[in-house]
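J.: Below, each chain spelled out in residue letters.
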Amino acid sequence: DQQVKQNSPSLSVQEGRISILNCDYTNSMFDYFLWYKKYPAEGPTFLISISSIKDKNEDGRFTVFLNKSAKHLSLHIVPSQPGDSAVYFCAAHNYQLIWGAGTKLIIKP
Amino acid sequence: NAGVTQTPKFQVLKTGQSMTLQCAQDMNHNSMYWYRQDPGMGLRLIYYSASEGTTDKGEVPNGYNVSRLNKREFSLRLESAAPSQTSVYFCASSAGTGVETQYFGPGTRLLVL
Chain D
1 DQQVKQNSPS
11 LSVQEGRISI
21 LNCDYTNSMF
31 DYFLWYKKYP
41 AEGPTFLISI
51 SSIKDKNEDG
61 RFTVFLNKSA
71 KHLSLHIVPS
81 QPGDSAVYFC
91 AAHNYQLIWG
101 AGTKLIIKP
Chain W
1001 NAGVTQTPKF
1011 QVLKTGQSMT
1021 LQCAQDMNHN
1031 SMYWYRQDPG
1041 MGLRLIYYSA
1051 SEGTTDKGEV
1061 PNGYNVSRLN
1071 KREFSLRLES
1081 AAPSQTSVYF
1091 CASSAGTGVE
1101 TQYFGPGTRL
1111 LVL
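As they're listed, the protein sequences go chains D and W.
Numbering of the first sequence is given in the working numbering, commencing with residue 1 and proceeding in unit increments.
Numbering of the second sequence is given in the working numbering, commencing with residue 1001 and proceeding in unit increments.
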């Protein structure tokens, strides 16, 4: 039973446009949500996070939105750049991190 | 400042063989973790160590043992490898076990034949 789901295995976006990555969760006890980015042959690196008491957090080109009633969060990247091509993992915290399966983002020039 | 290092980068084992995956961090972090990543799945926690001298089971601990050798080092041992343990293994560390950022090593790709 996957508590954190990323239903899109991959996403292709034109350079300069907005990338929107989605994540759904089932456990209402999650208190913190994080996005990590992973390049091939490297470990994941932290990107941005949001507390369950907020609905938006912004850091430069990256914004995370949280909709608790829908148990849904999304990561927006504006504008998308070629270096953003990577696998993006959503993770949720409740005593430990529970990870989604990841979405591979491809930015087309 | 190397962050989190893992050895080896790649290993092939035969069923029943044993091996130890090594992990070290130089960030003076209290907490360390071992994850496995399988195709189509998120990272799954095998074991973690909240602080030096303590270890606890994660989501998928069966078939593994760990040792927190000191504050810097956290090793993962497979006593009798099975094909189901073919995976990519990541070590991570963080200042604490709450929502602090976890810093990951580059991973060890393990193939069990």
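Just so you know, these hints were derived from the structure itself, not from any lab.
Don't take each hint at face value.
To be verified - Under the rule of at most 27 Å between Cα atoms (straight-line distance), these lysine-lysine pairs were calculated in the BS3-like manner:
(1) 1009/W with 1071/W
(2) 1057/W with 1009/W
(3) 104/D with 1009/W
(4) 5/D with 1014/W
(5) 54/D with 108/D
(6) 68/D with 56/D
J.: Now tell me, hint by hint, if it's right for this structure.
T.: A quick look at each hint next to the structure:
1. With a C-alpha separation of about 22 Å, the suggested pair residue 1009/W and residue 1071/W falls inside the 27 Å cut-off, and the hint holds.
2. Under the criterion of a C-alpha separation no larger than 27 Å, the hint pairing residue 1057/W with residue 1009/W is consistent with the structure, at around 24 Å.
3. For a cut-off of 27 Å, the pair hint linking residue 104/D to residue 1009/W stands: about 23 Å separates their Cα positions.
4. Distance hint between residue 5/D and residue 1014/W is unfulfilled; the C-alpha atoms sit about 34 Å from each other, more than 27 Å.
5. For a cut-off of 27 Å, the pair hint linking residue 54/D to residue 108/D is broken: about 32 Å separates their Cα positions.
6. At most 27 Å may separate the alpha-carbon atoms for a hinted pair to count; residue 68/D and residue 56/D meet this at roughly 11 Å.
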